[in-house]
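Participant: Below are the chains, spelled out letter by letter.
There are 4 protein chains.
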Amino acid sequence: MTPEIKNIAVFTSGGDAPGMNAAVRAVVRASIYYKKEIFGIYRGYEGMIENDLVKLNARSVSNIIQRGGTILKSARSKEFRTEEGRAQAYQHLKARHIDALVAIGGDGTFTGLHKFYEEYKMPVICIPGTIDNDLAGTDYTIGYDTATNTAVDAIDKIRDTALSHNRLFFIEVMGRDSGQIAINSGIAGGAVAIIIPEEETTIDQLIEKLDETARNNKKSSLVVVAEGGKSGNALEIAQQVKERYSYYDTKVTILGHLQRGGAPTYFDRVLASRMGVAAIEGLLQGETDVMVGIQNGKIVYNDFELTMSKEKEIEAEALRIAKILAI
Amino acid sequence: MTPEIKNIAVFTSGGDAPGMNAAVRAVVRASIYYKKEIFGIYRGYEGMIENDLVKLNARSVSNIIQRGGTILKSARSKEFRTEEGRAQAYQHLKARHIDALVAIGGDGTFTGLHKFYEEYKMPVICIPGTIDNDLAGTDYTIGYDTATNTAVDAIDKIRDTALSHNRLFFIEVMGRDSGQIAINSGIAGGAVAIIIPEEETTIDQLIEKLDETARNNKKSSLVVVAEGGKSGNALEIAQQVKERYSYYDTKVTILGHLQRGGAPTYFDRVLASRMGVAAIEGLLQGETDVMVGIQNGKIVYNDFELTMSKEKEIEAEALRIAKILAI
Amino acid sequence: MTPEIKNIAVFTSGGDAPGMNAAVRAVVRASIYYKKEIFGIYRGYEGMIENDLVKLNARSVSNIIQRGGTILKSARSKEFRTEEGRAQAYQHLKARHIDALVAIGGDGTFTGLHKFYEEYKMPVICIPGTIDNDLAGTDYTIGYDTATNTAVDAIDKIRDTALSHNRLFFIEVMGRDSGQIAINSGIAGGAVAIIIPEEETTIDQLIEKLDETARNNKKSSLVVVAEGGKSGNALEIAQQVKERYSYYDTKVTILGHLQRGGAPTYFDRVLASRMGVAAIEGLLQGETDVMVGIQNGKIVYNDFELTMSKEKEIEAEALRIAKILAI
Amino acid sequence: MTPEIKNIAVFTSGGDAPGMNAAVRAVVRASIYYKKEIFGIYRGYEGMIENDLVKLNARSVSNIIQRGGTILKSARSKEFRTEEGRAQAYQHLKARHIDALVAIGGDGTFTGLHKFYEEYKMPVICIPGTIDNDLAGTDYTIGYDTATNTAVDAIDKIRDTALSHNRLFFIEVMGRDSGQIAINSGIAGGAVAIIIPEEETTIDQLIEKLDETARNNKKSSLVVVAEGGKSGNALEIAQQVKERYSYYDTKVTILGHLQRGGAPTYFDRVLASRMGVAAIEGLLQGETDVMVGIQNGKIVYNDFELTMSKEKEIEAEALRIAKILAI
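Chains as they are written, first to last, in full-length UniProt numbering: chain A, 1 to 327; chain B, 1 to 327; chain C, 1 to 327; chain D, 1 to 327.
Everything labelled a hint here was simulated from the structure, so no lab data went into it.
Hints may be right or wrong, so weigh each one.
Identical copies look the same in the list; a pair holds intra-copy or inter-copy alike.
The list that follows gives simulated cross-link-like pairs (lysine to aspartate or glutamate, DMTMM-like), each with its CA atoms no further than 20 Å apart [stated by the list, open to error]:
1) 251 to 227
2) 298 to 139
3) 121 to 305
4) 94 to 84
5) 36 to 212
6) 115 to 303
7) 219 to 249
8) 219 to 50
9) 323 to 281
10) 121 to 83
11) 219 to 52
12) 115 to 289
13) 218 to 52
14) 218 to 315
15) 298 to 317
16) 209 to 199
17) 6 to 249
18) 312 to 227
19) 78 to 249
20) 242 to 287
21) 94 to 83
22) 121 to 211
23) 35 to 212
Source: prediction; values computed, not measured.
Based on the provided sequences and hints, a complete structural model is requested.
Facilitator: This is the structure:
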């Protein structure tokens, strides 16, 4: 039987995502609701190793639900990948009487925490916070909805100028190993083609599509490219198309880090709020070494190993829709 | 066996919702993709009775996926509720060789179409477009995601002034019989209390909550009220609180019709795109007198009667979360 | 000759306005740049009387330039209107060795500060922060640009639904004694008529205009009403129009306090930054009992009395443009 | 004496800018207000040469005031730079009885029109539409306010992630020969340094500034770079800083074409509305071969030659403010 949990610490780690603050707020307030002490660790595993933590109360997290980024800051730590680093972290936590950990982050974060749990058996739980939505075991990760809307808002602006000049734009969105943002921002942005890491698109296929729609009187076009596509990045693809297809004046925009920031959408705030409460309730019910997820609208707890061993399926149905609509 | 469908007409009806244009676009392009002729009827049933329809092509719906409102316009028709009105509509449709109808709207729209189907047996299918998200048979209706984000964006702005002045704001959001927008914009807006039509909240309970958080050092507060609440509208509730609880300076804002407009979110555009394609594919596979829905991420076709006979359940779990976080 | 200024205090007062934080930041950093100590007073004159002030440094105002509201909070103080209140405030300031005051607010704020200056001869300077843009002596006040854009953004959303339903909307914007927000959001929103406090519009004139444009094939219309119009508020005007003119289905939206919040525009941030620096530079050059203003793009210092004695002229030229464009 | 003007044509040319549609609308409606016929030419000089023009009425420009881009489309034309091209254009215009031209664009557009006027003496007038705000003879060009706000909105999002990770970001904004967007988005974005084409900044100076603020406890920083800076583009500058200064993790974002699109701000819509009316009123009062401008809030008409011969002064005062605030 697990000994009673009295003091919990929460931290954010890896790439920041909009909604992380909403998750921190939920973890803090749920802890207080259940009469536990709650601490915040700064800069993820780095702060853990450097003993950089502070006690939080309900007001510490007032007025942050709407803010992008993370008030606890984030970092990637090389030291925590070593046994010594983890030992150091454990000693600091023990000295402060921390009984359990809540991590908000992506798969790198989970890997570290899983190892830590195996070594020290301190109860740990993870909340998926990453704009990429690339984790098995949850339908949505925190930040994905906001990032996709940010991408779509940028695509809408670029469409204005594409339309005015009868141009072809290649727009690169985030998602190194995952085409999720590309697929959904592509459909929502009315893209003529969407290029994702999970599926190969040849330059021939792309030019054929562009030509088919041009013959169908389309005067301007957008192609959305996920940053990690096999056919190259947006600049490379655009260059190849340009050399062989001159119907359009061709331009490239790389959206970059602005996709990470901004006030989270209602969806990400509610998701983060639910997951934050679920993390604390899970911990108190004995869940450990698991990730909180949402599947078919319901909270679930999945083993880290499952989460990390499986790839998320690509949305074949969404790609089919995208093709029907690009005529 | 249904005779082959060759000519389809699409219309929007009832209160407009962001994403209706994306649904029109998807219906039009999917029809063309499947080699059908597609017509647009203006102003819903009114235009049907007045024979106000026009042939559409793939370019007719270019550059509308991002626009609020509906290019086909909408209206509420008294005449279509009469047998004569529906007979007139049928004659016009027949004269134009229309074989099937796609309606985008809410429950009023469906009721009319169901009657029309029972009388004339013309294949019909509905797409749920309403910001209220109050239809059984689908997890989400088109427009709900956008409207909730619009409400949250307004709440964020009001929070700035509430915080600066240590004030209490009552914010009325849309949802005459449904607390969906209120619940989710309330959680996302960090509201101290959420008042919905489906559940009674007494002034005593409300004041107790306000006082509890004030004692917990909260300096300003937001209460989100759905327009159809049993305890009265936002003005009435605010007045009653004001008379009995003077800790805060109290203000009221009624968000009103701005919740209906604006560029749709990615979610509403993708949902509308999927449902628009599904409506055409359903029709062509023999579905009729049904509403397209999305349940657990998958497209479903539900009988109108089921859709209209059942009330959507309130999100008890969401309300529970809201209470834990408002401390 | 003025004795050297060493310690300056800054506060915000009256209705909050977006950009106040940018002004606070500029005042703080300019003070430090010129080697002065800088203090923040909370809740305006109330905090002054209650001795609620704190020393600030360059990092105290990091990451606030983009935030609506005011980190120093604001309030309206009855006590400061009394001699005793001001005496109390002066004693606290003296005890903390404060040599000069910078106020950010509107005309109520200035009136109080002018009296304080006359009584105690402590150097004081004002920065105009109010969304109403109703102060003589400056072309723009901080917050006006943001509030007008917020109003226009809301009008755009309402237009979507007005267009879809062929409706007439009355939209009430802020500006109790000033039609500035109404005029400019009305022109930018494509309003058919704009009703402001400074000019009478009869219901006859309004109906005539509506009818003229309807005959000219206009299918939906927006009327923007400043909250303090002589012809009544938006609800009253709409009611009168409705009774006599039935061409349109008529609706009303009152934008309310959401116009006060939100991230400030670049214009308000730059204006606030310039004015904040100018306030400190003015004080150090011996300016006192003046308001910082901007006229024809240049910083000016105008006597309070001039600022408060003159009314800002209405923009006759803008109204003329509005009429030409509403056809 | 000029013969009476009866038929006017309007077109947009060069890079598109938000607010061009508002200017088109104003030109069209003012023409009709003054009982003139008004035509729209598509794709600027290209459409003129290809005789691609259409008669417009008050309703042709309904519901476009809020849209980015230009409904008349834009293009750059090589042929119009030749005598033959201009002769062809003139013949088409004459055949359609066009008496006067209104151009909306930047300096390239003006150069062409000036030559055309010298050759054919047809009355012509220009409206400055370009996001760069780089034209002498007007304080503001249409599109600049919107583009700067778009840049600031992106910078705000990037700040969220910069803050979370203690990073240094280089953000490249538009303005090939003009630092206007960079200066004002830099001040509004709280940038530690702003690099513009008009002024040299050495890598040494930049590193010194970064180091000074870092010693002053600044944990993350933003540098805004105009695309045409003498010290290189954002990628090159970032690379040089990275090699010599390792305190921060350094990233680059190039905002690109999204700065051209989006719904125009109230300021750009009102400016465009005023300039559109002024263009028609100017033409009808005999102004020709001039650009409409706004100086100190008043409409002016300046000779093209003056406009094109003078460079706009850089905002030295703004740069001074930027330096004071970056501490």
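Participant: Treating 20 Å as the Cα threshold, decide for residue 121 and residue 211: within, between, both or neither.
Facilitator: neither (60 Å within a copy, 42 Å between copies)
Participant: If the cutoff is 20 Å on CA atoms, where do residue 115 and residue 303 land: within, between, both or neither? Let me know, please.
Facilitator: Close inside one copy (13 Å), not across copies (51 Å); limit 20 Å.
Participant: Pop the pair residue 94 and residue 84 into one bin, within, between, both or neither, using alpha-carbon distances up to 20 Å.
Facilitator: For residue 94 and residue 84, the Cα distance is within 20 Å only inside one copy (15 Å; across copies 56 Å).
Participant: For the identical chains here, do residue 242 and residue 287 meet the 20 Å Cα criterion within one copy, between copies, both, or neither?
Facilitator: neither (55 Å within a copy, 44 Å between copies)
Participant: Checking an output row: residue 209 and residue 199, CA cutoff 20 Å. Within, between, both or neither?
Facilitator: Classified as within; 16 Å inside a copy, 46 Å across copies.
Participant: Checking residue 298 and residue 317: alpha-carbon separation at most 20 Å within a copy, between copies, both or neither?
Facilitator: Between copies, since 10 Å is at most 20 Å while 22 Å is not.
Participant: Given a CA cutoff of 20 Å, do residue 219 and residue 249 count as a within-copy pair, a between-copy pair, both, or neither?
Facilitator: within (11 Å within a copy, 38 Å between copies)
Participant: One pair to classify: residue 218 and residue 52, alpha carbons no more than 20 Å apart. Within, between, both, or neither?
Facilitator: Classified as between: cross-chain Cα gap 18 Å, same-chain 57 Å, threshold 20 Å.
Participant: Evaluate residue 36 and residue 212 at a C-alpha cut-off of 20 Å and name the case that applies: within, between, both or neither.
Facilitator: This pair counts as between: shortest inter-copy Cα distance 19 Å, intra-copy 62 Å.
Participant: At most 20 Å between CA atoms: does that hold for residue 251 and residue 227 within a copy, between copies, both, or neither?
Facilitator: Cα proximity of residue 251 and residue 227: in one copy and across copies (16 Å, 16 Å).
Participant: State whether the alpha carbon distance between residue 6 and residue 249 is at most 20 Å within one copy, between copies, both, or neither.
Facilitator: Intra 63 Å, inter 37 Å, cutoff 20 Å: neither.
Participant: Go through the copies and call it for residue 35 and residue 212: within, between, both or neither, with a Cα cutoff of 20 Å.
Facilitator: Classified as between; 16 Å across copies, 64 Å inside a copy.
Consistency with the previously given hints fails for numbers 14, 17, 20 and 22, ordered from lowest to highest.
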